[in-house]
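Hints given; two lone chains; assemble the complex.
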Amino acid sequence: MNGSTSEYLPMLIQSVFALGFVAMVLIITHLIGPSRKSAKKLENFECGVEAKGNARLPFSVKYFLTAILFVLFDVEVIFFYPWATNFKEFGMDGLLSMALFVALFLLGFLYLRKKQAFKWE
Amino acid sequence: MLTIAFYILSALTISSALMVLFSKSPIYSVLWLVICFFSITGHYILLDAHFLAIVNLIVYAGAIMVLFLYVIMLMNLNKESEPQKPVWLKFASVITGCLLMIVLAGALKGYSELPPAAITEDFGTAKGVGKVLFTEFLMPFEVASILFITAMVGAVILAKKHVND
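In order, the protein sequences belong to chains A and B. Position 74 (the first sequence) corresponds to 1381 in the numbering used here; numbering is contiguous. Position 147 (the second sequence) corresponds to 213 in the numbering used here; numbering is contiguous.
These aren't lab readings, by the way, just hints derived from the structure by calculation. Honestly, I wouldn't trust all of these hints.
Said to hold, decoys possible - Within a straight-line C-alpha distance of at most 25 Å, the following computed SDA-like cross-link-like pairs (lysine to any residue) qualify:
| hint | chain 1 | residue 1 | chain 2 | residue 2 |
| --- | --- | --- | --- | --- |
| 1 | A | LYS1395 | A | PHE1377 |
| 2 | A | LYS1421 | B | ILE215 |
| 3 | A | LYS1369 | B | LYS197 |
| 4 | B | LYS227 | B | MET139 |
| 5 | A | LYS1369 | B | LYS151 |
| 6 | B | LYS90 | A | ASP1381 |
| 7 | B | LYS90 | A | PHE1371 |
| 8 | B | LYS193 | A | PRO1365 |
| 9 | B | LYS193 | B | PHE207 |
| 10 | B | LYS226 | A | ALA1424 |
| 11 | A | LYS1426 | B | THR216 |
| 12 | B | LYS151 | B | PHE88 |
| 13 | A | LYS1422 | A | ALA1374 |
| 14 | A | LYS1421 | B | GLU208 |
| 15 | A | LYS1395 | A | ASP1381 |
| 16 | B | LYS151 | A | ALA1374 |
| 17 | B | LYS197 | B | SER211 |
| 18 | A | LYS1395 | B | ILE120 |
| 19 | B | LYS151 | B | VAL219 |
| 20 | B | LYS90 | B | LYS193 |
| 21 | B | LYS90 | B | ALA129 |
Unchecked claim - Chain A residues, not near chain B, derived (Cβ > 10 Å throughout):
| hint | residue |
| --- | --- |
| 22 | GLY1327 |
| 23 | HIS1337 |
| 24 | PRO1341 |
| 25 | LYS1347 |
| 26 | GLU1350 |
| 27 | TRP1390 |
| 28 | MET1399 |
| 29 | PHE1408 |
Stated by the list, open to error - Sample of chain B residues at the chain A side, in silico, Cβ under 7 Å:
| hint | residue |
| --- | --- |
| 30 | VAL121 |
| 31 | ALA129 |
| 32 | MET131 |
| 33 | VAL132 |
| 34 | VAL195 |
| 35 | PHE214 |
| 36 | ALA217 |
| 37 | MET218 |
| 38 | VAL222 |
| 39 | LYS226 |
Note that CB positions come from ideal geometry on N, CA and C, so glycine has one too.
One chain only, chain B, in its complex shape (with noise of 0.2 Å):
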């Protein structure tokens, strides 16, 4: 039943992500992305990360595709205006994209030969990551917060206008 659905799921994140790179109009990969959200989500449930995969589904298929949908907006998108890339950067993005892909699976060759990590009963869920949060990692917690901060300066200094006060 879960190997049925590993394999459904694997197969929709892989073709959405497919279709990402090869529709036509931009906002049509945006669109084809939340599905490849939607996707991962539940490859975050089939591995018990409860937890993250609503974080994803809020966060990454909502919020950050607005984001992505506002960044086309921006650009000027015209028929004419769009930017055409000489044919040997494409030759070079297939080369690298093979070489990562050798160097991806070299490194997950030896991985079904690994043993699953023992889990606790409130493993991934709210609970449970809570608690793991808050006590051995409550320093990158809060280090995360003035990590906000800086994304807070970044987006007034590259968005607005100065003014002099």
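Excised from the complex, chain A in its bound form (with noise of 0.2 Å):
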């Protein structure tokens, strides 16, 4: 405990006045709001196409790719971070030490370009 974990109170206190907020609104259009429900009105798309089949149909792969790339690369750009903050203090050392961290994430790309990851078949 260094004393900046105090810090977190005005978050604290507005993430509890945003939770607040939504659930005060819910609550009291659910109030004062009237409830008509038929079966027609509670269709998921009330004036649009009809719906038929099942929703639970298995997805393609495909998104599951890239979604896990994208998840590698918001990592990689997570390591920026404390470099950036650092960077003065590093110099040269930092900068060179950043340039093969990226460059290896280069190879990656360069991987992913050769094997058409990206590419929607």
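This is the structure:
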């Protein structure tokens, strides 16, 4: 505990207020709004295309590939953050080690390009 | 104040983790898991691990949970194809879970007697983590990028139709 935890108090207050506002609005609309339910009204797309079949169909694995590649590069970007906050102190050494890190990622990126992982077939 | 926050967060963590298990729908399980990760982020903040807290929020509660949702959508989860576990397997999992709890409780028994570690001014912040990461742990940091390449290769091999080139 070095004192900075208390700096999160405004964030806590804000999130409590945001959640409280959402909960309050939901409860109030539920209480004061009229409730008329009919089969047509409770359809997923009330005025849209008629729903048919089952929604629980297995997805294509292609979406998963895109998602997992997104996560990998997302984590790469997170590693930039502790480097960027110390950018001046590290100087050339830090730049070179980060360049190596990014170069290895670039290698992976080129591999993905070669394997046509970004192509939607 | 912090003790109260710790108890509230712990109650939230444990109850949301239990709700992950008890939810009938896997989608609800994932949403409870998001709440669980949020409260674990709160625990990280209480432990002064600020960088880890925000990483946990962005990567786990954000990106990994999207992946979990994708995995659930990849599976065929109709009522008739739902896997039913045999009774002996349920008993076995309860027993192994209890055993794991005993082991963890035994391992953590003497923990309260340990003195708290001394922490520096910028401990746990992005700056402090960066200082350690780019000096003492530079080698594991660079090796981590090779780990990422293996993850990319694995994803391509699993999810891509093999092209002959």
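Cross-check of the supplied hints:
Restraint check: the Cα-Cα separation between LYS1395 of chain A and PHE1377 of chain A comes to about 29 Å, which exceeds 25 Å; the hinted pair is violated. The suggested pairing of LYS1421 of chain A with ILE215 of chain B holds, with an alpha-carbon distance near 14 Å, which does not exceed 25 Å. Among the hinted pairs, LYS1369 of chain A with LYS197 of chain B is inconsistent with the structure: their alpha-carbon atoms are about 39 Å apart, more than 25 Å. Restraint check for LYS227 of chain B and MET139 of chain B: satisfied, since their Cα atoms lie roughly 20 Å apart, inside the 25 Å limit.
For the hint linking LYS1369 of chain A to LYS151 of chain B, the alpha-carbon distance of about 30 Å lies beyond 25 Å, and the restraint is violated. With a C-alpha separation of about 31 Å, the suggested pairing of LYS90 of chain B with ASP1381 of chain A is violated against the 25 Å cut-off. Restraint check for LYS90 of chain B and PHE1371 of chain A: satisfied, since their Cα atoms lie roughly 24 Å apart, inside the 25 Å limit. Taking the CA atoms of LYS193 of chain B and PRO1365 of chain A, the gap is near 44 Å; set against the 25 Å cutoff, the hint is violated.
A threshold of 25 Å between alpha carbons decides the hint, and for LYS193 of chain B with PHE207 of chain B the separation of about 16 Å falls inside it, so the pair holds. For the suggested pair LYS226 of chain B and ALA1424 of chain A, the alpha carbons sit about 7 Å apart, so the restraint of at most 25 Å is met. Between LYS1426 of chain A and THR216 of chain B the CA atoms are separated by roughly 20 Å; this keeps the pair inside 25 Å, and the hint holds. Distance check on the hinted pair: LYS151 of chain B and PHE88 of chain B sit about 15 Å apart at the alpha-carbon level, within 25 Å; holds.
Between LYS1422 of chain A and ALA1374 of chain A the CA atoms are separated by roughly 17 Å; this keeps the pair inside 25 Å, and the hint holds. For the hint linking LYS1421 of chain A to GLU208 of chain B, the alpha-carbon distance of about 23 Å falls within 25 Å, and the restraint holds. For the suggested pair LYS1395 of chain A and ASP1381 of chain A, the alpha carbons sit about 24 Å apart, so the restraint of at most 25 Å is met. At most 25 Å may separate the alpha-carbon atoms for a hinted pair to count; LYS151 of chain B and ALA1374 of chain A exceed this at roughly 30 Å.
For the proposed pair LYS197 of chain B and SER211 of chain B, the alpha carbon gap of about 18 Å is at most 25 Å, so the pair holds. A C-alpha spacing of about 23 Å is found between LYS1395 of chain A and ILE120 of chain B, which places the hinted pair at or below 25 Å, so the restraint holds. At most 25 Å may separate the alpha-carbon atoms for a hinted pair to count; LYS151 of chain B and VAL219 of chain B exceed this at roughly 33 Å. With a CA separation close to 43 Å, the supplied pair LYS90 of chain B and LYS193 of chain B exceeds the 25 Å bound.
For the hint linking LYS90 of chain B to ALA129 of chain B, the alpha-carbon distance of about 23 Å falls within 25 Å, and the restraint holds. With a least beta-carbon separation of about 15 Å from chain B, GLY1327 of chain A lies farther than 10 Å from that chain, consistent with its non-interface assignment. Here HIS1337 of chain A stays apart from chain B, with its beta-carbon at least about 21 Å from theirs, past the 10 Å limit. Interface exclusion of PRO1341 of chain A from chain B stands, the closest Cβ pair being 29 Å apart, more than 10 Å.
Against the 10 Å criterion, LYS1347 of chain A stays outside the reach of chain B, whose nearest CB is about 25 Å from its own CB. A cut-off of 10 Å between C-beta atoms confirms that GLU1350 of chain A is not in contact with chain B; the least separation is 20 Å. With a least beta-carbon separation of about 6 Å from chain B, TRP1390 of chain A fails to lie farther than 10 Å from that chain, contradicting its non-interface assignment. For MET1399 of chain A, the requirement that its beta carbon stay farther than 10 Å from each beta carbon of chain B is met, with the minimum near 12 Å.
Remark: the non-interface label on PHE1408 of chain A conflicts with the geometry, its nearest Cβ contact in chain B lying 5 Å away (cut-off 10 Å). Given hint, VAL121 of chain B at the interface with chain A, holds; its Cβ is 6 Å from that chain's nearest Cβ, closer than 7 Å. Among the interface hints, the one on ALA129 of chain B holds; its C-beta lies about 4 Å from the nearest C-beta in chain A, closer than the 7 Å criterion. Given hint, MET131 of chain B at the interface with chain A, is violated; its Cβ is 10 Å from that chain's nearest Cβ, farther than 7 Å.
Because the smallest distance between the Cβ of VAL132 of chain B and any Cβ of chain A comes to about 6 Å, under 7 Å, the interface hint for this residue holds. Checking VAL195 of chain B against chain A by beta carbon gives a least distance of about 5 Å; that is within 7 Å, so the hint holds. Of the supplied interface hints, the one on PHE214 of chain B holds, with its beta-carbon coming within about 5 Å of a beta-carbon of chain A, less than 7 Å. For ALA217 of chain B, the interface hint holds, the least distance from its beta-carbon to any beta-carbon of chain A being 6 Å, beneath 7 Å.
With a least beta-carbon distance of about 4 Å to chain A, the hint placing MET218 of chain B at the interface is held under the 7 Å criterion. Nearest Cβ of chain A to the Cβ of VAL222 of chain B: about 5 Å, under the 7 Å cut. The hint holds. Here the hint on LYS226 of chain B is kept, as its CB sits about 6 Å from the closest CB of chain A, short of 7 Å.
Comparing the model with each numbered hint stated earlier shows that hints 1, 3, 5, 6, 8, 16, 19, 20, 27, 29 and 32 do not hold.
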